[in-house]
Amino acid sequence: MRKIKEFISKALLYFLLILIGFVFLYPIFYMISYSFMDTEDLVNPFVKWIPTKLYLENYKSALNVLNYKTSLISSIYVALIPSLLQIIFCSVTGYGLARFDFKGKKIILFLIIATFIIPSQVTMIPQFLMYKDLNLIGSLYSFILPAIFSQGLRSSIFILIFYQFFKMFPKSLEEAAKIDGANYLTIFLRIAVPSALPAYLVSFIFSFVWYWNESTLSALYFGNKIKTLTLGLQNFTATYQNIYSSSITQTGKSINEAINMAGTLLTILPLLIFYFVFQRWFVESVDRTGITGE
Amino acid sequence: MKLKNKNALMGIIFVSGWIIGFLVFTLVPIIRTIWFSFNNVKFTANGIKETYVGLLNYKNAFLLDPVFTDYIIEYISQMLIFIPIIVTFSLIAAIMLNKKIKGKGFFRTIFFLPVIITSGPVMQKLIEQNATALPGVYKYFSMEYLAKNFGIFGNLFGMVLNSFIMILWFSGVQILIFIAGLQKLDKSVYEAASIDGASKWQMFWKLTLPALMPVISINVVYTLVTLSNFALNHIVQKISNDMYDITKGIGYATALAIIYFIIILILLSVFLLITKNKDGEKYAKN
Chain S
1 MRKIKEFISK ALLYFLLILI GFVFLYPIFY MISYSFMDTE DLVNPFVKWI
51 PTKLYLENYK SALNVLNYKT SLISSIYVAL IPSLLQIIFC SVTGYGLARF
101 DFKGKKIILF LIIATFIIPS QVTMIPQFLM YKDLNLIGSL YSFILPAIFS
151 QGLRSSIFIL IFYQFFKMFP KSLEEAAKID GANYLTIFLR IAVPSALPAY
201 LVSFIFSFVW YWNESTLSAL YFGNKIKTLT LGLQNFTATY QNIYSSSITQ
251 TGKSINEAIN MAGTLLTILP LLIFYFVFQR WFVESVDRTG ITGE
Chain Y
1 MKLKNKNALM GIIFVSGWII GFLVFTLVPI IRTIWFSFNN VKFTANGIKE
51 TYVGLLNYKN AFLLDPVFTD YIIEYISQML IFIPIIVTFS LIAAIMLNKK
101 IKGKGFFRTI FFLPVIITSG PVMQKLIEQN ATALPGVYKY FSMEYLAKNF
151 GIFGNLFGMV LNSFIMILWF SGVQILIFIA GLQKLDKSVY EAASIDGASK
201 WQMFWKLTLP ALMPVISINV VYTLVTLSNF ALNHIVQKIS NDMYDITKGI
251 GYATALAIIY FIIILILLSV FLLITKNKDG EKYAKN
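Chains S and Y, in that order, give the protein sequences. Numbering of the first sequence is given in UniProt numbering, commencing with residue 1 and proceeding in unit increments. Numbering of the second sequence is given in UniProt numbering, commencing with residue 1 and proceeding in unit increments.
No lab work stands behind these hints: they were computed from the structure. Heads up, the beta-carbon is just placed ideally off N, CA and C, and yes, glycines get one too. Each hint should be verified, as a subset may be incorrect.
Said to hold, decoys possible - Examples of chain Y residues toward chain S, derived with CB under 7 Å: (1) 11; (2) 17; (3) 20; (4) 23; (5) 29; (6) 33; (7) 120; (8) 198; (9) 249.
Unchecked claim - Residues from chain S that keep clear of chain Y, each with C-beta distances beyond 12 Å, as calculated: (10) 4; (11) 18; (12) 29; (13) 122; (14) 125; (15) 139; (16) 217; (17) 256; (18) 274.
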């Protein structure tokens, strides 16, 4: 009797997990399925999930509209450089807070948490004016400068990750090095940084993804100068009409669901690949960094 | 004493980058935002020109703006509904994923996938194309029917159905945080409870939930901040747009930002008060 009960509860558990998993993946299946449909399939009520033929025209248009190669390179560049700088400097801040005692440390920790709560809308307009005065609008410096000073996208989280990590890490090695006469910078670079590699990798992948997906600040600070994939998708419909407006009447090629979905899929494709490479690190991030620590 | 001073000095050197950054990129901008919000700000050939107007921008936001008050009401009701849904869902998902099951890693990978792809433009496209509504929901519920018969609640219910998947998509990080919290629970307490004849249900309410309260607070804050900064949020979009609007301008946009920030703070304190209260009860009972 007890075995039957256990079996039923297990079966129910798997059923629920699979059901939720399906709900989670539904938009992605939807995207893939629709992106291969031609106009006939779209209006045909009998074609629900599987397109009648392998139709690639949507992808051709979407690649063209997104200006894929250039945008992809911009996206990588916009995500990579600020996120690398951000984690390097956040780790310096986190180390300083974890290893040294000084007046006002508690206030700083409080302010770090407080900055996490402040919406970027409160600071972005004066920041925009400042970059404008410095002639930095349309350049990547508008992302690089805050990152260097630990004020980038969600920097607070990364500072806290490093703070937590260095606090948990035993001090003995560093103290031994200090007795041997090593200075603080050497200790940090030679002992603390190598020990924190998991925290660096987890912080890097999150920072990379958040910078990649940013659209409000990048639209404001980059203007029309830097066009990332995310911004390209934001203006997808308008760009499409610009490129194909003359030919709509001749070929009947107006924008439709299928082209939209192809564009969306192309935008997230690099991130999907990135996710499957680093999947383990994403999913185990909380365990590896101990961010929820006491 | 000397060593202590040196130690303190090194600490300040390590943190100095953050201190400068905080002053330049956070504190001064906040002060300027507050100042701008009491002014009419105009671009001229000689830079920006400010004229003090007092509370006019704030007054206009509530009295003249045709959409802002609606956006605020919409935002507050979204937070009041979405945050409990997301936090509850991620707790349930974490409990399921914490059980001894095969394919744990596989399910975790799927549940976490949305975290990397939920950018504003991607969600915008998915919502536009109806890819985020629960499959089949449209057959059973008509949004117009709901709106007509149940007023604002019907609207909200429709909103939940309409973007159901999107709401769940915001739960990835929270699930991980809950799993980490669950793994830290003291197993011996559960053994003792089960010897005393407590059912699983009782154990959840009396042991798991109170012990997880701090983690719940963390997740509430994380969810609130993520949703409030999300690019599809109407208020976020409006602040960016109004900045360039000639009739409204920077002064007006900054006033909206300040109001928005105050609302976020109020919501945050309400939620933290609720989660903190339950924590207090736990100690009272012990």
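Each hint tested on the structure:
Here the hint on residue 11 of chain Y is kept, as its CB sits about 3 Å from the closest CB of chain S, short of 7 Å. For residue 17 of chain Y, the interface hint holds, since its Cβ comes within 7 Å of a Cβ in chain S; the closest pair sits about 5 Å apart. Restraint check, residue 20 of chain Y versus chain S: the minimum CB separation of about 6 Å is within 7 Å; hint holds. Using the Cβ-Cβ criterion of 7 Å, the hint placing residue 23 of chain Y at the interface with chain S is not satisfied: the shortest such distance is roughly 9 Å.
For residue 29 of chain Y, the interface hint holds, since its Cβ comes within 7 Å of a Cβ in chain S; the closest pair sits about 4 Å apart. A cut of 7 Å between beta carbons decides the hint on residue 33 of chain Y: the least distance to chain S is about 5 Å, and the hint holds. Evaluation of the residue 120 of chain Y hint against chain S yields a held restraint, the C-beta minimum of about 5 Å falling below 7 Å. Of the supplied interface hints, the one on residue 198 of chain Y is violated, with its beta-carbon coming no nearer than about 17 Å to a beta-carbon of chain S, more than 7 Å.
Interface hint status for residue 249 of chain Y: violated, as the beta-carbon distance to the closest one in chain S is roughly 10 Å, over 7 Å. For residue 4 of chain S, the requirement that its beta carbon stay farther than 12 Å from each beta carbon of chain Y is met, with the minimum near 17 Å. Residue-level check failed: residue 18 of chain S sits 8 Å from the nearest beta carbon of chain Y, not beyond 12 Å. Distance check for residue 29 of chain S against chain Y: the nearest CB is about 9 Å away, which does not clear 12 Å, and the non-interface claim fails.
Chain Y draws residue 122 of chain S into its interface by the beta-carbon criterion, the shortest separation being 5 Å against a cut-off of 12 Å. Distance check on residue 125 of chain S: its Cβ comes as close as 6 Å (rounded) to a Cβ of chain Y, failing to clear the 12 Å threshold; non-interface status is violated. Distance to chain Y confirms residue 139 of chain S as a non-interface residue, since its nearest Cβ pair spans about 16 Å, more than 12 Å. At the 12 Å boundary, the C-beta of residue 217 of chain S falls inside the reach of chain Y, the nearest C-beta of that chain being 9 Å off.
Against the 12 Å criterion, residue 256 of chain S falls within the reach of chain Y, whose nearest CB is about 10 Å from its own CB. The Cβ of residue 274 of chain S does not lie farther than 12 Å from every Cβ of chain Y; its closest approach is about 7 Å, which violates its non-interface assignment.
The structure shown violates the earlier hints numbered 4, 8, 9, 11, 12, 13, 14, 16, 17 and 18.
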